[in-house]
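Asks: Going line by line, the protein sequences match chains H and L. For the working numbering, count along the first sequence from 1 and bump the result up by 11. For the working numbering, count along the second sequence from 1 and bump the result up by 11.
Hints should not be assumed to be uniformly reliable.
Since the list can't tell identical chains apart, any single copy or any two copies may satisfy a pair.
Straight-line Cα separation of at most 27 Å, DSSO-like style, residue types lysine-lysine; simulated pairs [what the hints assert, rightly or not]:
id : residue 1 : residue 2
1  : Lys52     : Lys33
2  : Lys52     : Lys354
3  : Lys52     : Lys359
4  : Lys314    : Lys52
5  : Lys100    : Lys151
6  : Lys354    : Lys227
Please keep in mind that the hints were generated in silico from the structure rather than gathered at the bench.
Number of protein chains: 2
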Amino acid sequence: MPELRQNLITRDWVIIATERAKRPDQFAAIRTEAPPIPCYKEDCPFCFGNEHRTPEIELLCLSDDRGWRVRVVPNKYPALSCLGERVRKTEGIYRSMSGVGIHEVVIEHPRHDITIALLSIPDVANILNVYRQRYRDIRKDPRIEAIVIFKNHGQEAGTSLEHPHSQITATPIVPSQIRIRIEEAIRFFDDMGECIFCRTLAQEMEAQERIVFESKHFVAFIPYAALSPFHVWIFPRRHTSSFEDITDVEILDLAYTLKTVLAKLYYGLNNPDYNYSIRSVPTRDGQTSYFHWYIAIIPRVSKSAGFELGSGMYINTAMPEDSAQYLRDVQFVVTNEDANIIKLLTGKEK
Amino acid sequence: MPELRQNLITRDWVIIATERAKRPDQFAAIRTEAPPIPCYKEDCPFCFGNEHRTPEIELLCLSDDRGWRVRVVPNKYPALSCLGERVRKTEGIYRSMSGVGIHEVVIEHPRHDITIALLSIPDVANILNVYRQRYRDIRKDPRIEAIVIFKNHGQEAGTSLEHPHSQITATPIVPSQIRIRIEEAIRFFDDMGECIFCRTLAQEMEAQERIVFESKHFVAFIPYAALSPFHVWIFPRRHTSSFEDITDVEILDLAYTLKTVLAKLYYGLNNPDYNYSIRSVPTRDGQTSYFHWYIAIIPRVSKSAGFELGSGMYINTAMPEDSAQYLRDVQFVVTNEDANIIKLLTGKEK
């Protein structure tokens, strides 16, 4: 019989299709033979040497003696306008607002043919550093209520540009999806006197069934009621409400964790398309006892939108415990550069 | 500047991309030359003559002297099991439940090559009649909390079977998506003393800007804060909480309305893939003052899941007012059979 599980953080119920569940390796992406991706493309606006093809304003640039490593530029086709004020209007019961906000692109690397799963840990740390700096700058904007950092990898995940990049959006309202999570977290805190994310983490650590990877400061696991196959959450062990609070040491450790999880997906599921997003408390809420920032990674390995849209419920055709076991077992070669950093972070030889 | 609008019924904020908005006709589906669909396929389990290919139990069959017109059978690969009891379990803070429930398939017509947009009004009424009868039967099941009727048309909408069909799911819990709508509706009723759906309908009737089609008992319109292009809601004018309360006269009128709206999508947007769903109050809530059943039709004419998943906000690249105008203007030929029924329903010649 299928099993229904409730995702405590979103309150969604998901059907875990125990009987129809596929084997983990059946979710691997099927890729048709394609020409290899070149390391530079003349018409790619994000490639090294093509900086003139991006908007003139450079919001942030992280460089070393090799040139720039990570750049942030305004989105050329922004969903929200960075100019103007928040103006509310009502028409009868309807409410609208001027579409002000921030929409930036983080160009993750000068090379066209790379992806986070294959980057060195220091390169991933550079990206995370840039995320943190932009977060800290953007939150000073009084028009902003919430900042979400996200990445679309591959066409199924909604990107049209091949060059590795992520996006930062800052909205003049709190999206209802975030508001619902906050409300649930407050209710749990009121009832139980602790953070629902901390409690979830403690229970996962005890059960050990759904853990994908652990580092000193982070734990990556498949949620008990994962809404889709191989959905992974990365939680910081230290309770803090916003990504901007991350320390330098934690950034390096998160780079190690994120790269490891994405590499496990890359090698275990044949470079699947995926989205990830970094969720924090709304900018004005500051440090709270009830909300805990986290990263959600959603591989696009199954399609089932019809049932979900219709019924309001999710079906997951992978057992969270089996998916976690499968990812735990994926091994990959670590470069010497990364091995030295891992030794530094863990005190152990890899 | 883009405009943010709030969808009062879901509380989602949507970005109406006023500047980047496409012209309505740019959303038409692009279909490559394909062989015409045959009216019968030997290996199709839903075709007339192939009844032995569906599960043995026939839940409902509506026939006339031509043979069966609409059949209901159990889903061969049900997401929920129809046998067994609701058994709750907890593991620490986690909650789970046995996956009992109902998952049925409504075979809408004996012919393989047809779609609701092209069916006669009486044929559509047959389908709606069957929906109502199954709804009334299923709600007697004490394990059921919510019943959702939905349809996936085309691959983008999540179906793999070409033969026209829809699905009925009945769940042993109330999906959080429905619960959120209920909570909003209750809050509006407490604040304003009226049903949010009735109020929305009154405002749309007054504005007239987003109306797609009106019949005696139903109004089809594009929501003020439509989450995606050409999203259409059909609201009954009479306040009632559940689809099962629909009368025979209203069924014929809804058949006219649904067929007309789907035909406008079919001809105006080149037979786009779409989902629709019929949402009612949870089965135990009975007749309420705050909730109003409705149909949501979501054409799958744009892809933008990356931004939505990441930011929790929607982007709509079509102006609701323009989309409504476009659909209002789509004309199509009405058969004599339908013309007679329309005359009966409206008192006017068509």
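Asks: If a hint holds in the structure, say so; if it does not, say that too.
Replies: How the hints compare with the structure:
Taking identical chains as interchangeable, the C-alpha atoms of Lys52 and Lys33 are never at most 27 Å apart, the minima being 39 Å within one chain and 29 Å between chains. Taking the closest pair of Cα atoms, Lys52 and Lys354 never come within 27 Å of each other, the shortest separation being 36 Å inside a single copy and 63 Å across copies. Taking the closest pair of Cα atoms, Lys52 and Lys359 never come within 27 Å of each other, the shortest separation being 40 Å inside a single copy and 63 Å across copies. Taking the closest pair of Cα atoms, Lys314 and Lys52 come within 27 Å of each other only across two copies (26 Å); inside a single copy the shortest separation is 31 Å, beyond that limit.
Taking identical chains as interchangeable, the C-alpha atoms of Lys100 and Lys151 lie at most 27 Å apart only when both belong to the same chain, with a minimum of 25 Å there against 46 Å between chains. For a Cα distance limit of 27 Å, the shortest separation of Lys354 from Lys227 inside one copy, 12 Å, qualifies, whereas the shortest one across copies, 74 Å, does not.
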